[in-house]
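Participant: Next come the chains, spelled out residue by residue.
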Amino acid sequence: MERKLTHLINNKLYAISVMAFLLFFLSATSGFAQAIISGKVTDETGIGLPGATVLIHNSTNGTITDIDGNYTFSVPEGSEKLSFSFIGYETQIVSINSASVINVKMEQDGKVLQEVVVTALGISRDKKSLGYAVQDIDGDEIYKTAETNLINALAGKSAGVYINNSNGNVGASSRIVIRGNSSLTGNNQPLFVVDGVPIDNSIVSSKQGNYDFTDMGNGAADINPADIAELTILKGGNAAALYGSRGANGVVLITTKSGSKKGFNVVIENATTFSNPLLLPDFQNEYGQGGGQQFWYKDGLNGGKNDGVDESFGPRLDYVVKAEDIQPGGRLYWAIEAGFPQTVGEILSVPQFNSPIDPFTGERIPTPWISHPDNVKNFYETGITSITNVALSNGGEWGSIRLSLTNSDQKGMVPNTNQVKNTINFSGQTKLTEKLSFEARGSYINTKGNLNGAGYTFNNIGMQTLWTARQVDWEYLKNNVENPDGTPISWINRWHNNPYWMQYKNLNPQAKNRMIGNASLKYQFNDWLNFTARAGTDYSNESVELIRAYHGINDREGKYIVNNYYRQETNADFLFSASKAISTDFTLSGNFGGNLMNQKYRTQGSTVNRLVVPDVYSLSNANEPAIASYFQREKEIQSLYGSVSADYKGQLFLDLTGRNDWSSTLPSNNNSYFYPSATASWVFSETFDINQDLFSFGKVRLGWAQVGNDTDPYRLNATYSAATPYGNNPSFSLNPTLPPLNLVNELITSKELGFNFKFFQNRIDFDLTLYESSAKNQILSAAISETAGYNSMVINAGQVDNNGIELILNGSPIVANNFSWDVTLNWSKNRSMVIALNDDVDRLNLYKTEGNQITVVADVGGAYGDMWGRGFVYHESGKPIVYANGVPLTSEMRKLGNVMPDWIGGINNSFNYKGISLSVLIDAKVGGDVWSRTNADGWATGALKSTIGLNANGVPVRDPISEGGGWLFDGVFENGTPNNIYKDLDGFRWNGFAKGERWLYDGTYVKLRQVMLGYSLPSSFASKIGMRAAELSLFGRNLALLYSKTENFDPEVSNRDASQSSQGSEFGSNPSARNMGFRVRLTF
Amino acid sequence: MKINIIKLFLSFLLILAATACTDDFEEMNTSPNDLTKVPYKSLITNAEISIANTYNAILSGVVSWSRYNVRDVYVHGDRYNVTGSETSFSYYNGHLKNLDEAMKLAMQAEDHNSVAVTKILTAYAFQNITDWFGDIPYTEALKGDVDALIFPKYDTQESIYADLIVQLKAANAMIDPDANIGSADVWFNGDMMMWKRFANSLLLRIYMRMSLVDAATAKAGIEEIAGNPSTFPIINSVDNAAFKYWIPGDAVYRSPYWMNPVNAAVQENVTSAFLVDFMKDRNDLARLSVYSEPAANSGEYVGLPLGTLGQNTPDLSIMGLNEFRSLDSPTRIMRYSEVLFIFAEAALNGWNVGMTPKEAYEAAIMASFNEYGLDIGTYLSEPNVDFNGGTDQRELIGDQKWVALYPDGNQGWAEIRRTGYPTYVATTEPVESLFPGKGVIKRMPYPYSEDINNTANLSEALARQPGIVDEKFGAGIWWDVE
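Chains A and B are the protein sequences, given in the same order. If you number the first sequence the way the numbering used here does, the last residue is 1066 and the count never jumps. If you number the second sequence the way the numbering used here does, the last residue is 475 and the count never jumps.
Hints are computed from structural coordinates only; laboratory data are not their basis. Errors might be hidden in some of the hints.
[What the hints assert, rightly or not] Under the rule of at most 27 angstroms between Cα atoms (straight-line distance), these lysine-lysine pairs were calculated in the DSSO-like manner: (1) Lys146/B - Lys830/A; (2) Lys631/A - Lys877/A; (3) Lys965/A - Lys146/B; (4) Lys861/A - Lys431/B.
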């Protein structure tokens, strides 16, 4: 409770300081209104230009035009000229001459509209010159819906980008993969680069004990969306060639916001989001706890009838007692035998965990046995996320600075889970001399919270929801948490803690400090050559605690674990950049640079299994010696790289790159590796004289690239790990990974062909990319037969090929004065094939999904992510075959499915009417299988609706077989005749027949991903209240599952976190969240 | 100014160049976490602990299948539902590989006693594994680091047994019984005489296990040991039985059988109805009171039939607290009574062990009572115990050996499968209705990981052992001839 209070106080303080800022700037900006000038800024055709900048010439004082191109502006006395500017148009300077209305018609800036994107090494380039696919997303696009994890904000927005989130927990991790998985066992996620310096995006679950996990999120989730100016996704090998090894899976380049060059301004934003579960399992409400339709409670430890089982095969709920039931031999014989009186015509009564105790006998007095259909549903609260950002910026000829403060306060749907993130972001650039400029950027991120427990553990609330007997009144448990002696009041003392006791007593606190920053110096030798030197670091220190209170199940004497994680990546690099027009038609540019990357990781953990004093969580409060662990890792890569680009007439472009890496992780004779890339692109619409109104732009691009890759540290030698010494005797064990004999670097070769066409004056923009890649010599730890004395070996294995197609279509069906409609469609398909492993191995065991029924394998000739397991044996009629006793046959191991989707796509429609905008994003994933432990366990526990209902005889499946009840498997006997052997579901439900196939679902879905309604205040109105701009928006995310083939779970949710080994299975996680909220943004 | 700036750049480049040196890569890539070289005895320590925990667990399927203790809620395994998704061959990359490493290093050091210890432990582990699965990788196993042999072929159980005998005899021969290898040997505190006794007693167990399929070898082997006590010393009293004692107060190395009394898991060791009935039937209340606790509600001994759900725990008997669930409960690796039961069966076969069947049989039972400091009373004259009471003497030996082996699930299950005793009436237990007509479980299912990682060799092994039904029923293993 104390923790909660300090948390509250901290937030209050924060809120007060934000308010103070607000007041200060409101008063500071409302002092100077004298003359008012208004007007309209239009393009050549007279259409208003929204967002054009209007400034008092040679000052930073100004405004921007509204959606219609209108502006109103308070000009201080003595101002002479106004300047009007808009991207792609020539800046105009107009004298005021005491006019009160100034209309301006802007003219296009010389040539074609330039679309500038940031590419590798932070080099800005004209998009049309690129020979590979990039996709850039405006920072606002990411911030608009107030996603706390920026990866989630990318879902459905980009072709070839696969997003997996884990669940609706606070701080939950998400996964991003570009163009499929090329590495069999590696990370496969792209490299995240912030302002030119790589950062950590690992997905780490803190594992505590055998089953307890805490999903610590993914590293990139620390990047504050409010500070992102632009995000560029470099998809193929070419785009990433200059980033080396770690860019092999693509690169996500993030440019943070810089200070505005247009003078002092303040932006204040708040986004508040409300979250509710999107989908809960379909629970049954007809039978309560117990077995054999029998139950009465004594102690929850199997002291009563079946009160030690948490399964729902007990008596009928809400059952009105009939006269014949209480006759000897009647249906309720067991209740009668136990001496519980029943009244005919009233609901069956049995002693329950919350029945009152008779003060004379000490026995529980029977109470009505009734259903609580919403017990789980009501447990989830409305999650609230509030993100507040204040950004100050100033700039001018001297340079610019920006300071941004962000508070993100997340309260989870699960009681007492929360995460508060405070981010301070700074950027500044200035000229030290005429030729030397300096730039520094940095973020400090402080995260604190109490996260969900995860994993197959009683401390994961998501798991208890699936194992809760259906009559349990969680409302009662909420109001009756603890006994006077501190022991929890539970509905079943043997297996589960009181859910509320657990959430408030058993905590998973996280605290993290992270600093990401870099500083650079740039020297401009002359107009064609410059040199940049830069150093940056990403440092974080994180602690994750596991607090288990006294009296809990499994931890009667409490438990305390603290794990500390320290990560640091430092990059130092230099770059010479040159660009020179050799002739009027031919421009040559080149870069040469070097990088030194050093990565350090340390983790330190201490566990105390029994505490002396309850409720004190420290390592000294130990009833037995603390168990300590320590692990550290370091690696370094040194690189030199260069690139040459040629531009002929702005039509034909050629790029060549080369990079050599030296990695500390490879054997000394193989630790240096070189890889080149080449791309060409031709804007043929410029070369030929084409009707520009109809066919506005045409480009073809071609690329070939190689990217080398190293491995993890310390894989070259056999090592022994230490166990706790036995008395005074050390105890060591050989690590079960067989070290490699000769390891060489991995090499991924990729090819790419792309087309970009624009029609009807750019109103239709069509971009198509075809690619293929081949990853060879993959360094991986292959599972081998344990009988070889090792469970895995490090090898250079084979070849994985990916090929795919990406399509992006942008259209503007309606562009009118006041109304526009834009459609963006993206679609992509990727196919991974395992072509070869190595000489010895033809099938690799990658990982097992939750419940161990499915093994994800790499099989020569198969696809990446093939799921193998045991399924049904089918008759030629297509139905599963059953034994003579009605039990289905279980097949040998065979391929049952695949983790990876067949294709993904998204369609976004956006409408703008005056200041109002509406956008609707729908995305889809087709294919990709998920093994559902929710369904497997829920069927066995009887909690799900799938365990009730009528059988083919029209009799409830749970009724005795002798009375026509029983469960019939829809199969046939070996001879093809239909199965007619009914099974007593209660006795049969744990039978594991065909378990791999039986609970495997096609994870296809269509989701209403995002809806946003925005409104910008007309600037004329905004300026009246002292603001430059004001925007208001309402948004919703993850709003509806429009189509899916799964039951009882959201196909997007995985079981533990978003890491690779969690893909393709689900269980025991909390539901994903349906989010709705609003956002206000004020610019002063 | 310009000069200064150029100096600045040059110094930056110099710093980069100075750090950019790949010479220290090898040092950087040497793990600071784990050692690359350790004393071989520390590997033996690790293996001994692992072995004691692996083959003498009291919460495992085999304990239930032996009908010693059963579970009242987690009946999945008790009901024979075990599949290859739950089994593994991790013994190989665990203690077996550690012993293999230790053996190589001890040989280099010419420490013959330690070599012998690794051989004995390896043989002990392999016998347990092959008794679970049948044919397993043996001659080609543990050689991943030798010529990258990563697909070990499976050897027949018969050939493995033959080699176990060779290895144990060699170990016995190389031991200096007066030597002590020190406290790194956490089983016998370095006492090499104890190792000699254990090795030769283990040989007896192996010979008897194979006696129904290769009586000649068994006879010769057992007679050789029984006839040469100076060359082949064996466990010859309760005091020199092979027991592993733990460190009671240690958080990590207290008895693995200890259970926090308030922990829910305590209720999973319910005494089986079969055991309670068996002991009551023979008026064996002395040992029953050690093996089991009276039910909380009734104060009576009430067992639970294998695979039964839905009974009230306070109505049931739980495994004995003092001997088997305490902080200092030892792991009973091999007992004196077992050696005597082997002699009793050998003598009944007409083999010369220097004792009559009756002498050995009665001495064995006596040893079992002595193990717990119990007075045998009139037990030997109980109707179903009396060697000359009319009951088949082979059955009597089988019955008594089984009850004396409690709670050693591995040996109990193996002996039930080999001898068919005690006779088990399946219809009384719910497992029968789950697998109608399949009978009792006959073997541990091969791990599914072998299906993927060692496919061809597993297929070959399965083809060589026809008649296996549903991974675990049907044909028994080599020495199990029904």
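Participant: Decide, hint by hint, whether the structure agrees.
Facilitator: Going down the list of hints, with the structure as the test:
1. Lys146/B - Lys830/A: holds, 25 angstroms
2. Lys631/A - Lys877/A: violated, 54 angstroms
3. Lys965/A - Lys146/B: violated, 42 angstroms
4. Lys861/A - Lys431/B: holds, 25 angstroms
The structure does not agree with the numbered hints 2 and 3 stated previously, though it agrees with the rest.
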